[in-house]
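**Q** Chains as they are written, first to last, in this note's numbering: chain B, 119 to 368; chain X, 119 to 368.
Careful: at least some of the hints might be erroneous.
Which copy is meant is left open, so a pair is good if it fits within one copy or across any two.
With a cut-off of at most 25 Å between alpha-carbon atoms, the simulated DMTMM-like pairs for lysine to aspartate or glutamate come out as follows [claimed, not checked]:
hint	residue 1	residue 2
1	Lys-258	Asp-132
2	Lys-195	Glu-157
3	Lys-195	Glu-349
4	Lys-195	Asp-149
5	Lys-195	Asp-262
6	Lys-180	Glu-157
7	Lys-195	Asp-335
8	Lys-227	Glu-275
9	Lys-227	Asp-242
10	Lys-227	Asp-326
11	Lys-227	Glu-349
12	Lys-195	Asp-326
13	Lys-195	Glu-268
14	Lys-258	Glu-349
15	Lys-180	Asp-262
Because the hints were derived from the structure by calculation, they are not lab data.
There are 2 protein chains.
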Amino acid sequence: MCQLLGMNANTPTDVMFSFAGLATRADEHKDGFGIAFFEDPGLRLFVDHHSARVSPVADLVKRFPIRSGNVIAHIRKATQGRVALQNTHPFVRELWGRYWVFAHNGDLKGFAPRLHGGFRPVGDTDSELAFCWLMQELAKAHADVPPISELRHTLAELLPIPAAYGTFNCLLSNGQALWAHCSTQLHWLARRHPFGAAHLADDDLSVDFGALTTPGDRVALVATQPLTRDEAWTAFAPGELRVFVGGQPG
Amino acid sequence: MCQLLGMNANTPTDVMFSFAGLATRADEHKDGFGIAFFEDPGLRLFVDHHSARVSPVADLVKRFPIRSGNVIAHIRKATQGRVALQNTHPFVRELWGRYWVFAHNGDLKGFAPRLHGGFRPVGDTDSELAFCWLMQELAKAHADVPPISELRHTLAELLPIPAAYGTFNCLLSNGQALWAHCSTQLHWLARRHPFGAAHLADDDLSVDFGALTTPGDRVALVATQPLTRDEAWTAFAPGELRVFVGGQPG
């Protein structure tokens, strides 16, 4: 199944991702990957619909130390929508002069909301459709970008609607915070300086924090499955929504 | 000054860019670069606000053979807006279920259109503001994505409005066609199979077409300055708008 990974930090953190696990498991998650890094309000999005095993984009991401406060990554195993660039997560839209990034793990059956035209999917996944609907409803609910806590309330009302149609584990960020909604499977961890490498030998993704961290640094991670064996990851409850701000659960 | 480069081809063309010239001229165009590649309706956007000389993203673009039918590239020399990722061209928005990519060479003074909220700039450049206004006006003019020729008429009405505020050489693509508007400086060329490398030793950008082209292949290039000395580049007239479809001027 798809893998989600989110990071929220209180200071732009030098982070490097590794797709090492994929190199030996080419049969899984072969349908592409994507990583979005916020740098202030700016955004870098690396996507590829080829396996991370052979993708030169994955190779760049592995070698490129990116300082970011909010990251969303996704490794895809296609369930709906063909394997194509336009169906590769994360998806991005602009709202209220900010970029919004969304990635989804799961499968929605029969979710067919009415879209008024402000946000429309480019590809043909249930995920991008749900994201466009979510952006549309956020735009209707607030005239401008609301405080993080207020946005959490709106999301708590909206996210159960698509979630009623299937499995809807998802990550959302606007560069200020990371929202995570669990339908079936999601874990989180808050870490502090000093950071080592967080890795699980058997996993697809690992994340390494650079050596240049300071004592005040805080980082929160959200992942489909715990990335490390020896740290206290907390499982989300089904239906739980969490927001991470400044590297801590909000 | 900034450099624009656009490519439109009748078949996804294996294209590789080179920033070789920049390696020896670090003082110019040091404020970032960006390249957007359409693959069907999907999009890859590589941006960096570091010089192409040192950027690992530029290094990837140089080594990565990307098959695309529409490409827009931009090398930035900042005039308005600080050097930051959110100010790096090309800019992207979604409209009518398609991605739209825009890059601008020039400087607008005092262009302050009213934005209704559907499209708002994330950064603080005159270029992104003009793009958001353009998307807003296109959304008002058509209910859904219009035929290319009709869109050309709408753009011919809209583009002179920001252009009245300064220099407005720009490229726009939705993956179906490439629109190019000249205010002061822009050149185009239509090429056919067999393709060689198009390069000017003294230039910042060169573009190489892969060996695997077929006799029916056609490619149009648009660039601030001609990329080659020995081909018949045509200069745009001031105020001229051209659309390229299937690798040929439309």
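**Q** Hint compliance check: list the failing hint numbers for this structure, sorted ascending.
**A** 1, 3, 5, 7, 10, 11, 13, 14, 15
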